[in-house]
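> Spelled out from the first residue to the last, the chains are:
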Amino acid sequence: MCMCMVGAAPGLAEDTIKIGAILGVTGPASFLGAPEAKTLEMLTDEINKKGGIKGLKIELIIKDSGASPEKAISFAKQLIEEDKVFAIIGPSTSGETMKIKGIAEESKMILISCAATEAIVNPVAKYVFKSPQNDSYAAIRIFEQMQTMGILKIGVLSSNTGFGKAGKEQIEKLAPQYGIQIVANEVYDKEATDLTAVVTKLKAAQVQAFINWSIEPAQAIVIKNARQIGLAVPIFQSHGFGNIQYVKAAGPAAEGVIFPAGRLLVVDTLPKDNQQKAVLVQYKKDYESRFKEDASTFGGHAYDAFMILVKAIEKVGPDKEKVRETIENMQGFIGTGGIFNFSPQDHNGLDINSFEMLTVKDGKFAVLAKQATKKKK
Amino acid sequence: MGHRTYASIPFFDGMQHIELLSQYLVAGITYGTIYAVVAIGFNIIYNATGIINFAQGEFVMLGGMTAVMLHTLLPLPLAILGAVIITMTVGALIEIVFIRWLTSPAVLRLTIITIGIAILIREIALALWGTGVKALPYFTGTAVTVISIGDVHISPQVLWVISISAVMVVILHFFFTYTLLGRQMRACASNRDAARLCGISAKNMVTLSFVLSAGIGALAGCVVSPITYVQYDSGTSLAIKGFTVAILGGLGNSMAAIAAGLILGILESFSIWVMPTAYKDVIAISILLLILFVRPSGIFGNVEASRLKEF
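Those sequence lines, one after another, are chains A and B. Going by numbering that gives the first Met the number 0, the letters in the first sequence line up with residues 0 to 376, in that order. Going by numbering that gives the first Met the number 0, the letters in the second sequence line up with residues 0 to 310, in that order.
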């Protein structure tokens, strides 16, 4: 309690700047929250070692919401009212972000979310931003790819989570625009341990390809089961597949899976003149040497959110209104997720090219070659 | 060119109804055996103590996780053996530390203790191994290896699960019927006081039941891990299905657990055929409720026998 009081006193606020973060470090979204929290800790240490932002040391306050919207709400209130933070990074999930969007807006608190749903920035709230690419971009990239492959009849699988549901809605909405017919549409439990019966249903519906939209181990199970029953059609996954452990788990079944993702996953194979390459290489190197685990695009979302904030503070100093305006007008910020061009109408700043179509080749992620798609099978 | 490539795969045209049916059946058998093998572990502790061990799923997870860890150093059979032994030791320790010293504990109290233990094991696993998804390699072939009978495909791992469960049930049956130790356990289960009067240490038998079911859980965890994967929290969902199957068959009866597992698995699989997948668990739970209303002692349970807590 005493610490809070002291922290809130104006005397101390001059040489430190408090940045709050609400992340699902544990619980069902820990695959997002854990790398995000690690990334923020790493960046804070780095910046403080170099003397802070304009002489201000960063005091990072991470709250573990366990992906619970209720906790996110109370942590948001706590960070705003008690800790009096300068800005908040997170939450990790869309559900949580939507719950605190209003709170941030009312208390004029800069919030840079690490969650993807478009609704976070559409309609635009003055103080709310987000760093990941829109869900719809992923679906559009998939459909564009399907068009080049001449696929017209597809199956759609999704898990019964917020992520699965959001993806399913986007797919259902966008498919007709690309002349693609959904002939089977199944939702499975996020804890499913075997999906043979579900993929058998796809086989019976004679799909030409299928999309799976989930973030659980099920996304590795589903491709394995599909190959086991001899369903030899192209498999598309969401950007949630961008986690090499699922590729390892699915082994040879993962070969040839196509999915959209940020470029972090294929940084080694990017051409030298790619604008993002330097940022990606640096982040990946720093993260992996410090934490001895693979860097993920999700940790990258926290990197982008944090660095956008830091850049803005560096430019105009610790003035909330000015920082908000600076972020809103920031152009050409090179992040891990893409190149951000914000505007008063666009609080995400990324375009569809921020997603690259990737595939799995010899157990590794690789950029999907344009010619290879025609030749395949 | 690309336009008609996938539509014209001739294999789709030849797909017969009967083959589809068989494929669902195979899927159902896969689900069923996984559930059954978890359910057997529940039964052993239930028979010895009358409690439902809610940490059973965690034994399954521990077995799988430990085996994956050991497999980085040891060949697969040794890694599995090591994992089973380590998990059995954990089972013994749990009983000795948390349960053994309680004097005349109520069943409810013990059950709640096992819930606490489950959370404890899960958190320790999280700290030890993180949130990553892991799996043992397929015992035979790889993830895409299949044995095909006509157009019906079955993964060799499913055959492994089925045969190991079968061997396990047979060994358990012999253990409880023909060995002194097994008969002592049964004696304790049916009448603790009388068994004690005959010089059997009831406490040791309870410890043994934890060791046994931890071992069975761990072995199950190893065999199913290539199919289902293993993660620090994957025990919970497996335990729920295993528990359902144990109840469905009649608590305490391992043969019935296998039959009930297969029934539930096949019903779930066929429910996916005719209904949206999302309703799969609705089917499973509705059946469970129905059984509990109509035959509270389980499909194969006998009211008299269930009172005797026979193995």
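These aren't lab readings, by the way, just hints derived from the structure by calculation. Be aware that one or more of the hints could be misleading.
Unchecked claim - Residues from chain B shown here face chain A by an in silico Cβ test under 10 Å; the list is partial: (1) Pro-136; (2) Val-145; (3) Asp-192; (4) Ser-200; (5) Ala-201; (6) Asn-203; (7) Thr-206; (8) Ser-236.
Unchecked claim - The following residues of chain A were derived to be distant from chain B, with all beta-carbon distances above 10 Å: (9) Glu-105; (10) Pro-122; (11) Ala-174; (12) Glu-185; (13) Val-197; (14) Ile-220; (15) Ile-228; (16) Gly-250.
Here the structure is a predicted model, which means the values were calculated and not measured. By construction, the Cβ of each residue, glycine as well, lies at the ideal position given by its N, Cα and C atoms.
> Does the claim that Glu-185/A lies off the interface hold, with its Cβ farther than 10 Å from every Cβ of chain B?
4 Å, violated
> Classify the hint on Asp-192/B as holds or violated, based on whether any CB of chain A lies nearer than 10 Å to its CB.
42 Å, violated
> Take the shortest C-beta to C-beta distance between Thr-206/B and chain A; is it under 10 Å?
Check failed: Cβ of Thr-206/B comes no nearer than 31 Å to chain A, outside 10 Å.
> Should the hint that Val-145/B touches chain A count as held when the rule is a Cβ pair under 10 Å?
5 Å, holds
> Under 10 Å is the threshold here; is the Cβ of Pro-136/B close enough to any Cβ of chain A for the hint to stand?
Cβ of Pro-136/B sits 8 Å from chain A, so the hint holds.
> Taking the minimum C-beta separation from Ala-174/A to chain B, is that value above 10 Å?
17 Å, holds
> Is it the case that Val-197/A keeps its Cβ farther than 10 Å from each residue Cβ in chain B?
5 Å, violated
> Would the stated hint for Ser-236/B survive a check requiring a Cβ distance to chain A of less than 10 Å?
With a minimum Cβ separation of about 4 Å from chain A (threshold 10 Å), the hint on Ser-236/B holds.
> Checking the smallest CB distance to chain B, is Glu-105/A really beyond 10 Å?
About 34 Å separates Glu-105/A from the closest Cβ of chain B, which puts it past 10 Å; holds.
> So, as I understand it, the hint says Ala-201/B touches chain A; can you test that by seeing if any CB pair is closer than 10 Å?
Hint violated; Ala-201/B Cβ to chain A Cβ min 36 Å, cut 10 Å.
> Per the stated criterion, does the least C-beta distance between Gly-250/A and chain B lie above 10 Å, as a non-interface residue requires?
4 Å, violated
> Report holds if the minimum CB distance from Pro-122/A to chain B is greater than 10 Å, and violated otherwise.
Non-interface label stands for Pro-122/A: nearest chain B Cβ at 31 Å, farther than 10 Å.
In this structure, the earlier hints numbered 3, 4, 5, 6, 7, 12, 13, 14, 15 and 16 are contradicted, and the remaining ones agree with it.
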